[in-house]
Each structure stands twice: as structure tokens, then as C-alpha cells.
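Protein chains in written order, with our numbering: chain E, 1 to 722; chain U, 1 to 186.
It is worth saying that the hints were derived from the structure and are not from the lab.
Warning: the hint list may mix true and false statements.
No farther apart than 30 angstroms at their CA atoms in a straight line, the calculated lysine-lysine pairs in the DSS-like style are these [said to hold, decoys possible]:
| id | chain 1 | residue 1 | chain 2 | residue 2 |
| --- | --- | --- | --- | --- |
| 1 | E | 5 | U | 101 |
| 2 | E | 44 | U | 120 |
| 3 | E | 551 | E | 400 |
| 4 | E | 548 | E | 44 |
| 5 | E | 575 | E | 551 |
| 6 | E | 5 | U | 84 |
| 7 | E | 5 | U | 120 |
| 8 | U | 3 | E | 5 |
| 9 | E | 308 | U | 147 |
| 10 | E | 347 | E | 308 |
| 11 | U | 147 | E | 8 |
| 12 | E | 8 | U | 184 |
| 13 | U | 184 | E | 258 |
| 14 | E | 535 | E | 22 |
| 15 | E | 665 | E | 644 |
| 16 | E | 22 | U | 2 |
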Amino acid sequence: MQRDKFFKEIENVEHPNEKLIKTHCSYCGMQCGMNLRVNTATNKIIGVEPRYDWPVTVGKMCPKGVTAYQQTNHKDRILRPLIRDDASLKGTKEGFREASWEEAYDLIAEKFGELQQNYGKDSLSVFSGVSMTNEKCYLTGKFARVALGTRYIDYNGRFCMSSAAGGFLRSFGVDRGSTLPWTDIHETDCLFIAGSNTAECHPTSMFRIWNVQERGGYIIVVDPRETPIARRADLHLDLKPGTDLALANGIVHLLVEKGYADEEFVNQHTNGFEETKELVKQFTPEYTSHLTGVAPEKIERAAEIYGKAPNAVVMFARGIEQQHKGVDNVSGYTNMALVTGKIGRPKSGVATFTGQGNGQGGREHGQKSDLLPGYRKITNPQHVQEVCNVWGITPEEMPKAGVSAYEMFELMDQKQIRGLYLLCSNPAVSAPNLNFVRNAMKNLDFMVCADFYLSESAEFADVILPSVTWSEDEGTVTNIEGRIIKINKAQEPLGESKPDWQMQVELAERLGKGENFAHLKTAKDVAEEFRLASKGGSADYYGATWDKIEKQDGVFWPCKDEGDEGTPHMFLDKKFYHPDGKAQICALPYRPPAEEPCEEYPLRLTTGRVVYHYLSGNQTRRIQFLKDMCPEPYVEVHPETAGKYNMEHDERIRLYTRRGEAIYKVKVTEAIRKDTVFVPYHFGHEESINLLTIPALDPKSRMPEFKACAAQMEKLEPKKVL
Amino acid sequence: MKKRLYIELENCIGCRSCLAACTQCGGHEERNRNYVYDVNPHVNRQTMPLMCLHCENPACARSCPAQAIQIHETGAVLSALVEKCIGCQNCTIACPYGIPKFDEEQNLMYKCDLCIDRTKDGIPPMCASVCPSNTLQWLTEEEIEQKQRRHDLDNDKWVTSMPYLEGATNVKVNLPGILQGTEKLF
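Take the sequences, apply the hints, and build the full model.
Here it is as C-alpha cells:
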């Protein structure tokens with residue numbers, strides 16, 4: 001149990017006729033501890049109380065967390081299955097009628113059966129998400145491969161964490177998002193944070209981060225915008241969007257040149273140093289500055305601070321990962337830690353800020369097109385056999401690897417995929433190049449969407465299955481640290497809604513696969529099978545029983561057996577997960593963004609989040625407080641740039657790229673580069689910035705380049721003003 | 001051990017979690033009673049919370065013609081008593097920070113009561129409980145004194161709030177600039 005100086009013994013206030021259910025937030029990877037207040041007369045969730053005894057966040061919550069409970073009994077909840085008979089209404093909210101579960105299941109089984117009979121097993125697809133428990137994520141992979149028998153399953157982590165995963169696998173041979181627990185962060189001497197708007201996207205990290213400075217340590221922030229954390233940082237490297245790899249190479253070059261490399265560590269525990277040293281030589285401060293737009297002195301100072309720091313943590317997030325070289329960016333920044341040996345010990349390491357609540361666990365257990373539970377590969381016959389043993393199928397029955405999230409929409413467009421089972425995601429807002437993606441969804445022969453609200457993506461469905469919110473089911477989630485934690489049930493499902501795992505078990509029976517699923521009657525049953533399925537994989541959860549999670553305030557994976565307490569710090573023995581036990585320092589040639597500014601599109605468009613909204617906003621846009629705080633998107637423009645375009649603050653303007661356009665209010669601020677504009681992505685329909693973003697995919701992670709493309713803006717004709 | 005609300009303005013990230021949390025306190029009728037301001041929004045992302053400072057001799061209570069604003073034994077300056085408030089809004093005008101809010105429908109002033117149902121038992125108020133950046137903290141007198149000593153540089157640049165606020169307050173404030181006195185580790 002890691003209790004540090006921020007931990008205080010505080011009793012919760014007790015309200016009459018209420019009980020408190022200990023759980024965690026529904027939103028980001030911080031998974032802040034919270035107590036849900038439940039009225040004991042109505043058995044309904046009515047509020048929230050801080051969970052002071054959760055060691056990571058000690059009662060703290062962001063505004064999303066404080067209001068998260070308002071999702072459960074919200075008026076917009078879908079309470080019964082919905083069927084739409086008139087396919088011409090797809091893409092609208094219209095035409096749905098309520099139906100029984102029986103009718104909905106029958107229709108799905110009939111339509112899915114027809115499609116597979118006419119067009120083959122792989123005409124169906126599953127698009128999933130990781131804002132749900134490990135148990136649900138695990139079962140979704142099994143549902144796709146065993147119940148539907150399709151190779152096409154992928155998930156929204158491709159728009160979120162897949163580059164971090166790819167980079168860590170290449171550098172360390174294992175993908176655990178943080179090599180150290182969050183309770184170490186405030187004790188380090190230097191935080192190097194690239195592409196993370198931490199104060200808005202992971203606010204409850206901030207009390208630890210500020211404490212580094214209060215102790216005399218340093219914060220270095222890499223971001224095209226002067227975000228709240230960049231404003232107070234000791235050093236703000238204000239780079240052009242999409243140029244991270246050049247900066248990483250430039251800093252690694254200086255670390256080597258100025259003698260900060262740890263030769264003993266490099267020799268004993270890494271490969272690839274010499275090639276990397278040779279490659280980064282050309283990234284002098286001047287050349288790096290030319291590519292990134294960051295002043296050479298700042299680059300030199302950053303290398304000096306990081307190099308000198310006794311302990312340091314390199315951290316990053318979607319800013320560097322959502323690029324068509326996201327994997328290279330991750331390995332590039334990770335090189336800093338490997339070259340200097342600042343890893344594999346307390347208070348030093350590398351961490352990515354996990355975006356979705358279960359972004360870590362959800363990518364490990366078989367929702368990815370080529371992965372099986374326990375981070376096993378579907379292309380490895382031994383791995384397939386191990387999972388087949390648990391699932392009760394033969395290796396011949398195991399579908400082959402599929403394609404990534406965005407590529408599934410391409411296959412839908414080509415009519416190779418004709419049916420879709422969508423859950424826990426809203427790609428009609430969160431995918432790039434939305435005109436294309438929405439059209440692909442609209443032209444599907446048959447689409448099912450499981451959600452608790454009618455999302456923008458659900459508007460394309462033929463059948464909507466009402467799922468439950470996080471507070472109406474139980475299971476585990478793996479947080480930003482790699483700590484497996486327990487989500488507890490605070491209320492019975494509203495209306496006729498059901499947890500996703502239950503729908504999948506019941507549907508599997510309709511699809512003739514009951515024998516592989518019928519034994520799963522509770523979330524705990526799924527958990528037991530899931531632990532077994534992960535056993536022996538690199539992400540081994542076998543020893544992480546619910547009892548142990550409760551007793552230890554979570555369990556860090558890997559946790560191989562009952563006696564194993566888990567692994568808060570990775571690589572303490574300096575053993576990495578590549579076959580030779582060494583980490584890989586990567587020589588990474590620089591590539592510019594896929595689309596560079598030009599005469600026609602001279603601006604760099606980058607996208608991101610605001611503190612009030614989560615992902616596609618399907619949940620947070622319905623919460624009054626959050627909606628009041630940020631009701632609509634906007635485009636951030638530097639005053640000098642706004643002046644050139646003759647645009648004023650709050651003026652509505654047209655922003656466009658080669659792929660799409662939208663109208664936004666201008667927000668004039670000096671806290672952004674002059675060559676860059678920024679729009680938050682949480683909004684639907686014609687407000688979605690992803691109408692404009694580019695589907696240039698990373699060759700390894702298949703992550704689209706949300707963070708950089710070329711754009712232009714223009715004033716609206718008076719008649720176009722909304 | 002008496003604890004006080006303490007505000008470290010340098011830490012604020014503008015998340016407005018304190019506003020959301022304020023609505024969650026039992027006696028607050030789901031209405032928040034605090035404020036967060038963008039200091040200079042066209043220039044940078046600096047923000048600051050504006051909370052009731054619970055003055056020792058509060059102008060709001062002094063200006064109230066109906067004695068509707070009571071002071072709790074802990075020093076918390078309470079929200080207007082429903083049965084006494086006449087809706088004149090003198091308090092809002094008298095308060096140097098404009099803290100008291102007004103409900104037109106109820107013709108009633110409402111303001112921060114420092115979550116009195118919590119703080120009377122030593123439980124931190126909701127705003128300080130949730131504050132992700134430690135801008136709002138719930139500290140003992142000793143902890144506050146330590147902070148004030150640490151940030152009192154005696155260099156004409158900086159110090160704690162005391163000399164600058166109008167009158168003595170129960171809530172203590174550090175203005176931005178705390179890092180100026182920090183000695184770097186290396």
C-alpha cells in the first residue's frame with residue numbers, strides 16, 4: 001500500500017438514509033477514487049463524496065469526476081432496445097421504436113446470419129472501446145472471434161494509446177504505460193512532459209507535478225500551446241505540431257555529446273546505442289531548431305536539465321502519439337531515459353498518460369485486431385493454442401488477424417465489411433476524416449450499437465441495445481500506472497439496460513455458440529475466465545484476484561500467481577522483456593508530418609481536449625455543469641494571425657482542410673504558436689473537427705495523425721453568419 | 001487542531017472542479033457559491049479562484065440590516081438565514097470581493113458557508129477536498145505558518161497575503177510567485 005505525504009486520514013461525512021459505494025471515476029486513465037452516494041430508500045445514485053483513502057488521488061477529482069454520477073439516472077438514458085425499420089433514416093435520430101430484448105436479439109441473429117451466409121464470416125465486424133472493464137474488453141474479443149467468428153475486431157485505442165503501445169513494445173519488449181507508480185512522481189527531480197495538456201486531461205496528476213517544482217525540481221513541457229502546465233513550467237519547448245521526433249533526436253544527441261549518457265547502463269542493458277548515436281548526430285541544436293521551431297538555447301537547456309537530474313521521468317501523451325510517426329516519437333523520447341539510464345529504479349522512468357479509463361487493460365486482452373488475452377499474438381500458433389484451451393475452440397476455428405480501426409471503415413466502404421457491432425465508442429465523432437467514416441457507417445447493410453445514450457454513432461444503427469453505465473456493473477480496470485483496480489456496482493441497471501458482457505453471452509446463445517458462453521452468469525464469472533486466459537501472457541493478470549485488489553489498494557501487473565503482490569516498479573532488475581533481456585535504443589530517421597502547410601493551406605491544425613469533456617463528449621455534453629462550462633468548440637488563434645485574417649475574438653469563421661470544413665468561433669489567445677490553430681474534438685455533427693483531420697496512419701500502430709495537418713480559414717460572407 | 005482553508009493561487013489550473021464540488025455539499029442545494037476567473041484570457045491561461053475569505057469582521061454581516069448573516073463559532077461566515085434575509089443585497093455590495101450571490105426567485109442571498117456541516121467536524125470543505133492542483137488546501141495553523149515563512153522572501157518582491165488583504169480573514173492566501181523563493185535542487 002503506497003501511502004505518501006499527501007495521504008490524510010479523513011472520515012467521510014455521512015448523510016442520513018444514504019450509503020457510500022467505493023469505486024473509481026468512469027472517465028480517464030487516472031481512475032480517481034470516488035464514493036458514490038446511494039439513497040437507501042430508492043437505491044439510486046444521488047451524488048458523490050471524495051474517496052480520501054485512495055492512495056493515488058486522495059479524494060481529488062476534476063469537474064468531470066465530480067459530476068460523473070449524473071450519467072447514471074440521466075433523462076437521456078436508453079431504457080429499452082430500439083429498432084429502426086426504415087433504413088433511409090440512418091444518420092438521424094429519427095425512426096427508432098422500442099422493442100423487447102427478444103425481438104432485438106432475434107433480428108440481430110437473423111441479419112448477422114444472412115450476411116455471413118451470403119458474404120462470409122468476415123462480413124461482420126466489431127468496433128469496441130476501452131472505457132469499460134477488463135472483463136468486458138476481454139469478452140468482446142471472445143465474442144467477435146468465437147460467437148461471430150469474424151477476424152474484424154478492433155477498438156478505439158487505435159485513436160488513443162496504440163502508438164504508446166507500439167513504442168513501448170519496441171523499446172522495452174513490453175507495453176505497460178508507466179514504468180513506475182504515480183506516487184513516485186512528486187519525488188522525482190525533473191519531469192520532461194511532451195504532448196500532454198496534463199492540467200486539462202489528467203488534472204489530478206497536478207498536485208504531484210507542482211510539488212516537483214516546490215521541492216526545487218524542474219518541469220519541462222513540450223507543446224505547441226502554452227497550456228496551463230506549460231505556463232508554469234521551468235522550460236516550455238513550443239514546437240511546431242508534428243515535429244516531436246526531431247526534438248527527441250536533438251535532445252538525445254545533446255545528452256550523448258555533453259556526457260550525460262550512462263555508458264555502463266547502455267552497455268549492459270541496451271542495444272542500438274551506436275546506430276542511434278550516429279543517426280542523431282545531424283540533429284544539432286540549430287538543425288533541430290530549424291525543424292521544430294524551438295529556439296536552440298531552449299533545446300540545450302532542456303538536455304542539460306534532464307541530463308543533470310539525479311532522477312527524472314519522461315512523460316508523454318496523445319500530442320506525440322497521435323501522429324503518423326507516433327510510435328517513433330514514443331521510442332524517440334524513451335531513448336532519453338535509456339541513454340541516461342534513468343529507468344528501472346524508483347523516481348525515474350517513462351510513462352504515458354493513458355487517455356481512456358481502461359486504455360491500458362483494454363488493449364491487452366484481445367480487442368485489438370491482432371491480439372489475444374494476456375497480450376498474446378494471434379499470429380503466434382502457441383499463443384493461439386493457449387487461448388483456444390480456455391475458450392474451448394480449436395486453432396482452426398480461431399480467425400486470423402484483422403485490420404485496424406480506421407481501416408475497418410475503408411473495408412466497410414469497399415463492402416467487404418457489411419455488418420457492424422459497435423460498443424463503447426463513438427467513431428462518428430472520434431475517427432479522423434469523418435465525411436468518409438460517417439458515409440461508410442451509413443452504407444452498412446446492418447449495424448448494431450450498444451450504448452447507454454443515443455450517440456452520434458448510434459444514429460447510424462438499425463438496432464440499439466441499451467447498455468449500463470460504469471456504476472451499474474462491477475469489474476476491474478487497469479489505471480494509468482498499470483494498477484488493476486476494482487469498479488463496484490452502486491445501483492441496479494436502469495430500465496431494461498444490461499451490461500455488455502451479458503448481452504454478448506445472450507447473443508452468443510442466439511448465434512449457436514451458447515456452449516462457449518453460457519457458463520458466464522456474472523461479471524465475476526467473466527473475471528475468473530479472463531484471469532485464466534491472461535495466465536502466462538506478458539500482461540499476466542492471473543494473480544490479480546478481486547480480493548487481492550481490495551486488500552492491496554490495487555495490483556500492478558504483471559501478477560503471476562496468488563503469492564505475487566504485483567509489480568509497481570518495472571525493470572528494477574534491469575531486465576527488459578526482449579529475448580536478450582536488453583532494452584532497445586532506437587535509431588529513428590525523422591519524417592515530417594504527412595501533410596505540411598502550403599500556400600493553399602498555410603496553417604497547422606492541431607486538436608485536443610478541454611478539461612470539461614471526455615473523448616467524443618457523448619457523456620459529458622449531457623452533464624449540465626460541463627455543458628455550461630464548455631458548450632461548443634472554438635478555434636484558438638494567435639492575435640497576430642487573427643489580425644492577418646482580419647478576424648476578431650468570438651467571430652464565427654470557416655476552417656477547412658482538403659477533407660472537410662466547419663464553422664467555429666475564434667478564440668484569440670497568445671498561448672498558441674502563430675502558425676498553428678487548435679480546436680477541441682469533443683463535439684458532434686457539423687461541429688466535429690474530425691471532419692477536417694487527416695487519416696494518415698502510423699505504419700506500426702495504425703494511429704491517425706490527429707495532431708497535425710494543413711488547414712486554412714476564412715471569414716464568413718455576411719449571409720453565411722449563423 | 002484547528003484547520004483553515006488555504007489558497008495557493010500559483011497552483012490554479014482553471015479546471016473549476018471547486019465549482020462543481022461546491023454543488024455537492026449537503027446544504028448547498030446544488031448551487032455553487034464560489035468563482036474562478038480567467039485572469040487575462042487573451043494572453044495566457046492563468047486563472048484564479050475567488051472564494052469567500054471568511055473575514056474576521058465581515059463587511060457582509062456588518063452591512064446586513066436584518067442580521068441574516070451569522071458567524072459560526074469556527075469563524076465561518078454563514079449563508080443568509082432564509083427567515084431573516086430581506087433580499088436587499090447590501091452584503092454583495094459591501095463585500096470587497098463581491099462574494100454573496102443572489103437568488104432572484106427566492107429573494108435570498110446565498111454564499112459560501114465553508115461547508116459548515118463538514119468543517120465543524122474537521123472534514124475539509126468540498127472545494128479543497130477535490131482540488132486537483134492543491135490550489136485549495138485544508139491545513140493546520142502550523143502548516144500555514146510554515147508556508148508563509150517559506151514564501152516570505154523579504155526581498156520586496158513577495159510575501160504572503162496578510163499585508164495586502166483588507167482586514168483579517170480566516171482563509172489564508174498566497175498570491176502567485178511562490179516559486180521565486182524556491183532553491184533549485186541542482
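The hints, checked one at a time:
1. E/5 x U/101: Outside the cut-off at roughly 37 angstroms; violated.
2. E/44 x U/120: Distance ~28 angstroms between residue 44 of chain E and residue 120 of chain U Cα, so the pair holds.
3. E/551 x E/400: Distance ~40 angstroms between residue 551 of chain E and residue 400 of chain E Cα, so the pair is violated.
4. E/548 x E/44: Distance ~28 angstroms between residue 548 of chain E and residue 44 of chain E Cα, so the pair holds.
5. E/575 x E/551: 28 angstroms, holds
6. E/5 x U/84: 45 angstroms, violated
7. E/5 x U/120: 24 angstroms, holds
8. U/3 x E/5: 17 angstroms, holds
9. E/308 x U/147: 28 angstroms, holds
10. E/347 x E/308: 15 angstroms, holds
11. U/147 x E/8: The given pair, whose Cα atoms are some 18 angstroms apart, holds under the 30 angstroms limit.
12. E/8 x U/184: 27 angstroms, holds
13. U/184 x E/258: Holds: residue 184 of chain U and residue 258 of chain E sit about 21 angstroms apart, inside 30 angstroms.
14. E/535 x E/22: 28 angstroms, holds
15. E/665 x E/644: 17 angstroms, holds
16. E/22 x U/2: OK: residue 22 of chain E and residue 2 of chain U at ~28 angstroms, within 30 angstroms.
Hints 1, 3 and 6, counting from the list given before, are not met by this structure.
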